[in-house]
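K.L.:
For chain A, the structure is supplied; the task is to place chains B, C and D with the ligands on it using the hints.
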Amino acid sequence: MEREISYVKAILEATAQSMAEDASVYIMGLGVPDPKGIFGTTLGLKEQFGNQRIMDMPVSESAMTGVAIGSAMVGMRPILTHQRLDFILVSLDQIINNAAKWHYMFGGKMSVPIVIRLIVGRGWGQGPQHSQSLQSLFAHIPGLKVVMPFTPYDAKGLLVSAIRDNNPVIYIEHRWLHNITGIVPEKIYTVPLGKARVVKEGKDITIAASSYMVLESMKAADYLGKDGIFAEVLDLRTLQPLDRESIINSVEKTGRLLVVDGACHTAGFAAEVMATATEKAFGHLKVSPQRITYPDLPTPTSPALANVYYPRVINIINAVRSMFRLPGRTEDELGIKHDQPLDVPDKSFTGPF
Amino acid sequence: MEREISYVKAILEATAQSMAEDASVYIMGLGVPDPKGIFGTTLGLKEQFGNQRIMDMPVSESAMTGVAIGSAMVGMRPILTHQRLDFILVSLDQIINNAAKWHYMFGGKMSVPIVIRLIVGRGWGQGPQHSQSLQSLFAHIPGLKVVMPFTPYDAKGLLVSAIRDNNPVIYIEHRWLHNITGIVPEKIYTVPLGKARVVKEGKDITIAASSYMVLESMKAADYLGKDGIFAEVLDLRTLQPLDRESIINSVEKTGRLLVVDGACHTAGFAAEVMATATEKAFGHLKVSPQRITYPDLPTPTSPALANVYYPRVINIINAVRSMFRLPGRTEDELGIKHDQPLDVPDKSFTGPF
Amino acid sequence: MGKCNNVMNPDLKKKLLFNMLRIRLVEEAIAERYSEKKMRCPVHLCIGQEAIAIGVCAHLSTKDYVMSAHRSHGHYLAKGGDLKAMLAEIYGKVTGCSLGRGGSMHLVDLDAGFLGATPIVGGTIPIAVGAAFGSQMKGESRISVVFMGEAATEEGVFSESINFASLKKLPVIFVCENNLYSVYSPLSVRQSAERNNSAIVKGYGIYTDKGDGNDVIEIYQKMENAVGHARQGLGPAYLEFDTYRWREHCGPNYDNNIGYRSEEEYLDWRKRCPITCFEEILKQEKVLSDLEVKETVKKITAEIEGAFNFAVSSPFPPEKDLYHHLYAY
Amino acid sequence: MGKCNNVMNPDLKKKLLFNMLRIRLVEEAIAERYSEKKMRCPVHLCIGQEAIAIGVCAHLSTKDYVMSAHRSHGHYLAKGGDLKAMLAEIYGKVTGCSLGRGGSMHLVDLDAGFLGATPIVGGTIPIAVGAAFGSQMKGESRISVVFMGEAATEEGVFSESINFASLKKLPVIFVCENNLYSVYSPLSVRQSAERNNSAIVKGYGIYTDKGDGNDVIEIYQKMENAVGHARQGLGPAYLEFDTYRWREHCGPNYDNNIGYRSEEEYLDWRKRCPITCFEEILKQEKVLSDLEVKETVKKITAEIEGAFNFAVSSPFPPEKDLYHHLYAY
Ligand SMILES: Cc1ncc(C[n+]2csc(CCOP(=O)(O)OP(=O)(O)O)c2C)c(N)n1
Ligand SMILES: Cc1ncc(C[n+]2csc(CCOP(=O)(O)OP(=O)(O)O)c2C)c(N)n1
Ligand SMILES: [Mg+2]
Ligand SMILES: [Mg+2]
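Residue numbers (our numbering), protein chains in the order written: chain A, 1 to 353; chain B, 1 to 353; chain C, 1 to 329; chain D, 1 to 329.
Here chain A stands alone, though its shape is the one from the complex (with noise of 0.2 Å):
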């Protein structure tokens, strides 16, 4: 029951378990059924469903997609992949102007259930064309459904979840959460899309984040806690639909919001929570809601740079601390060590990839 997995194990697992209960389930992207199996996550498939359905394709993303929405329409589940995100960009067009709209535009006839997988790269010089988040633009397509899971536990419930909707999921996941571990439980379950979580309750501030940022929030919550600033995070799971009734509550409750969001800063989806916050829980708010997002900037390969570029626990803890006009803290004043760079997230990860 308490069985301990990786996030990785927990995406293949969710995917293995779908295509043995539904011969309609097929994944495909560059390099799939390849030794590395998209960084373990399809790693025995091809063994078990065979090349049919666990299947390589030519570096050709924009067909591809349009692909996998002609084969969704008659009858199939595709799961496309994408090694990282930025490479879905020369496949937008058939994700907005088609995968997003079909069934709208055609009265409901045909549905569109296909999910597409994108890995956030970040660290070990990934750069400017190799680490971009661009959920905002997916979450502002009518249509779309868009989930980043931050566990383990998640990551196989909202891939269940996303498989069996009938409409197309965008499912982000972070590189640096691939080697993270949790509970997952070894049935096949789901986690209902559009749902936020409580990860951690709190009554003095609302940390919204989602994805990575969840953790950083959560090590945040932490330290902040040992100075009794006690805040509630909120693990926002699902961006489109976006669960506002969660956000709300929290708000409600704790008067304070700080979203953090793995992702540039200007039209990002920070602003969407704090937007959604204000107008319905304007009377609750304490204080100006607040925002941790990466600057408007690409994102620079020198360690140096991505750095900085990328805020941390520390950016975390005392954004909430103005919040509460209570002076900055330095990482060493907090004890906060980093036994290991900056660049990566732990010691399993040594580049190049």
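Mixed in with the good hints, there may be bad ones.
Part of the chain B face toward chain D, derived, beta carbon under 7 Å [to be verified]:
id, residue
1, P58
2, V67
3, I69
4, G70
5, N97
6, H103
7, M105
8, F106
9, G107
10, K109
11, S111
Below, computed lysine-lysine pairings styled on PhoX-like, alpha-carbon distance capped at 25 Å [unchecked claim]:
id, chain 1, residue 1, chain 2, residue 2
12, D, K38, B, K46
13, D, K138, A, K337
14, D, K38, D, K63
Because the hints were derived from the structure by calculation, they are not lab data. Ideal Cβ positions, reconstructed from N, Cα and C, are used throughout, including at glycine.
P.N.:
Chains B, C and D with the ligands in isolation, oriented as in the chain A frame:
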């Protein structure tokens, strides 16, 4: 001095004058030299500047965007046009991965001075794939500049600035502004990128809008004024870089903010404006900022649905009224008449495109 | 005109003719009524190009899939799409094939195997390939056909789709209607004179053929070969047919006066009308009588009249419909 | 190996050899030091593929433009890119050619006419075409060359770029290095066996040629013809060369053990090493002595050592640099 010309003519004049002053400027796009000349915005240029600089192109938007970028890198200043914003989606990789990042990711060694003109369709059944407003997507990409002129004066001045700017500029026109007229100086002049403008002063509430929505907001402000509510209408003009100062100044003065954005709701640009105001002017806010947007739906074709899809003056009026805790009014009560169908901007617009 | 037509069943020939005629009459009726401003959406009429839709679809059953782009009325009708639902769609009515959300540029009729048409150039090409791929995975024996204008071959997704179809030997047939223009832009500003689509597509290992797009018999025969090829599991085919759009790119009018093409060119092509030329031949062959034509026109006209009445008298979608079908459940 | 090499100037031959050798030694030095974890960015080494960069760039002056993709070290160096700035870039230093913002996948050297390399597959192809186009508009007489892997020909933008280059008869040369794999994916899962890039590209009206990518003389000669063609204003060319990447797709190691390709295949290609084979020939021809090779290796090694020292000892960009160069002024 007081010459009035249309928005279309203003664009045409800005283009012609920029081409006359700088031999490196050229314009390309589907139909640029054709008899319709991009709704008249390129008519006569071919005769003046020749086929080389006024050029048609293959229906290959992705490569042609790359071609524009490459030519800009070696000293040209291309203007690329798309008759509908929706067509740009096939070329987003070139815009996001290359044009936006080139200067930054190569350490400032090269620049990409291109202008991409996009026309937002509306009305006469343009439907789901011919009337998208995706300004929020572009505004989220660091390295791009995004302008949305409302007046003919700004259409000319901002286009001249965009052409002279050394960065990729997304210049978004709204089809329903093409025929409006206004005072436009004959000489070449610039309107600076990155500056909003108060188009109507007021003390009670700030209505921040862009492009066609400024027109709707001004009409609403007129009606509101009759009932003693004096709205300040702020034309954002540039979304990226955003003139946050003007937003904050106005909100500090009025204490209220309604954002009117012609785009879908979730993660739309309205959220950014709201977030900016609450972040920086929270203490001045008397009520919760609100927004008017399109619903999170693809644009339907049938006028019966499109007429409900697009918010109009009465919606703005009532949103403001509710912020003053005043009851809603009907169009009839206010004497708002529609002397032509709601799916056309004026009598000159008779479809089909 | 196709040489082998003597050996063809006269009933089939008449069917081809009358089906072309039906498309023509529908399109002309739309053109005529467009100025009433009740059809409030862009329309791309296929008058002059009817033979391709008919010659191609003659080989397909309702089980087979067809997709198209912006100029799709003919393809929809040739595949057996419901005329009433199409006209109601153009009128923006709730009885339209897409419940009024799509208009002329978004036709669909699943019962007829018409999987959809959308106006982003090239957009449906990979989707049709995907339908063929899904169908192949499911072990079905359907053919998928995608119609496109020649400009769609300039979009990169066309080449990508051709490559994948060839790789998987998919039963998909790409039908290109080369009408020389993309909106008002002639081929000369978009493709070099040396470009040869057949050679390009053959380079991907795909069966290709091309012919006269105004000769329904030639089209019928070339499609017969292509379909045979695909049904035997030998893979995709690419067919390109030369033809000409008579009216303006978008809308009901003629536009030879505005300068992008000449009246002579238009008249030249008009002389080669796919319908009247074929009608002449059938009459010469004594397969067809004036009376038959007259009666058929009458029948079709009545059908069209009825369909327009249906469309015009149908209700608009109610306001609350706006919010339906964002997501599938 | 190229038949006509007897007629070629021996100094030129040696230059070609030594230039290949220099790339090889640089790449091997990177591979060797990569495990120190100081080069903290993905690297795509071109060991085994050096001949193409050298044979092609031998015909270009600094005025001509070159662009490339993820596997660009060889192209950058062959075009005359600054070695120090490249290594500093890989080390993330402010003295790097992109000030440290780009790393191995974003090289540039404007003085050398190397306009840039980026890792989105196919991404730089239209940009190189655009550089040629801009250059043509300005009345200059430069050639633009874009290097790409064979997988890039699967991206739609490749076909679109070829079409436009042909339409405008641009002086651009597309050089495809076909090393059989895209990451770990063999050609067989990406292209049908019947696919023939030369035929495809010829179908667009473009001059094409192909050859042995491990034979620098053959490459040199084929490029000579292509460049001549382009410089005469006859338009673009597409050259495809077969070759093989020796090490893993990304990173410093060998990976023939992981299962996507066989050790035999690798050894077979290794036997055809573009450098040692050519060295053998030159020695047989008595054009080259062991001593010369030894001395050259020594010289190059010293240069590389110096460049690494430069890179390692250079400072990282200061924090505030992060905010520079978002916009150009
Ligand atoms: C991606 C994209 N670019 C541009 C357009 C505008 N457009 C609509 S129809 C059309 C012409 C297409 O020509 P062709 O494919 O030859 O079809 P035809 O109209 O001649 O039947 C164009 C360019 C579009 N709809 N989609
Ligand atoms: C659009 C896009 N899709 C996928 C990738 C991932 N990717 C990086 S290198 C590469 C292989 C490309 O193969 P090829 O062009 O043959 O070059 P090679 O690595 O063999 O030199 C791929 C698929 C990418 N960078 N960009
Ligand atoms: Mg055409
Ligand atoms: Mg390769």
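K.L.:
Evaluate each hint against the coordinates.
P.N.:
Taking the hints in turn, this is what the structure says about them:
Nearest Cβ of chain D to the Cβ of B/P58: about 6 Å, under the 7 Å cut. The hint holds. Taking 7 Å as the C-beta contact cut-off toward chain D, the hint placing B/V67 at the interface holds, the least distance being around 4 Å. Interface restraint check: B/I69 against chain D, minimum CB-CB distance 5 Å, threshold 7 Å, status holds. Annotation: B/G70 was flagged as interfacial toward chain D, and the flag holds, the nearest CB pair being 2 Å apart, inside 7 Å.
A distance limit of 7 Å between C-beta atoms decides the matter here; for B/N97 the minimum to chain D is near 5 Å, and the interface restraint holds. Evaluation of the B/H103 hint against chain D yields a held restraint, the C-beta minimum of about 5 Å falling below 7 Å. Interface hint status for B/M105: upheld, as the beta-carbon distance to the closest one in chain D is roughly 5 Å, under 7 Å. For B/F106, the suggested interface contact is upheld, since its CB lies about 5 Å from the closest CB of chain D, less than 7 Å.
Annotation: interface hint on B/G107 holds; nearest CB of chain D at approximately 3 Å, less than 7 Å. Satisfaction of the interface hint for B/K109 is found here, the shortest Cβ-Cβ separation to chain D being roughly 6 Å, below the 7 Å cut-off. Residue-level restraint check for B/S111 holds (minimum Cβ-Cβ distance to chain D is 4 Å; threshold 7 Å). Pair hint D/K38 plus B/K46 does not hold up; C-alpha atoms about 56 Å apart against a cutoff of 25 Å.
At most 25 Å may separate the alpha-carbon atoms for a hinted pair to count; D/K138 and A/K337 exceed this at roughly 57 Å. Between D/K38 and D/K63 the alpha-carbon distance is near 34 Å, which puts this suggested pair outside the 25 Å criterion.
When held up to the earlier numbered hints, the structure conflicts with 12, 13 and 14 and fits the remainder.
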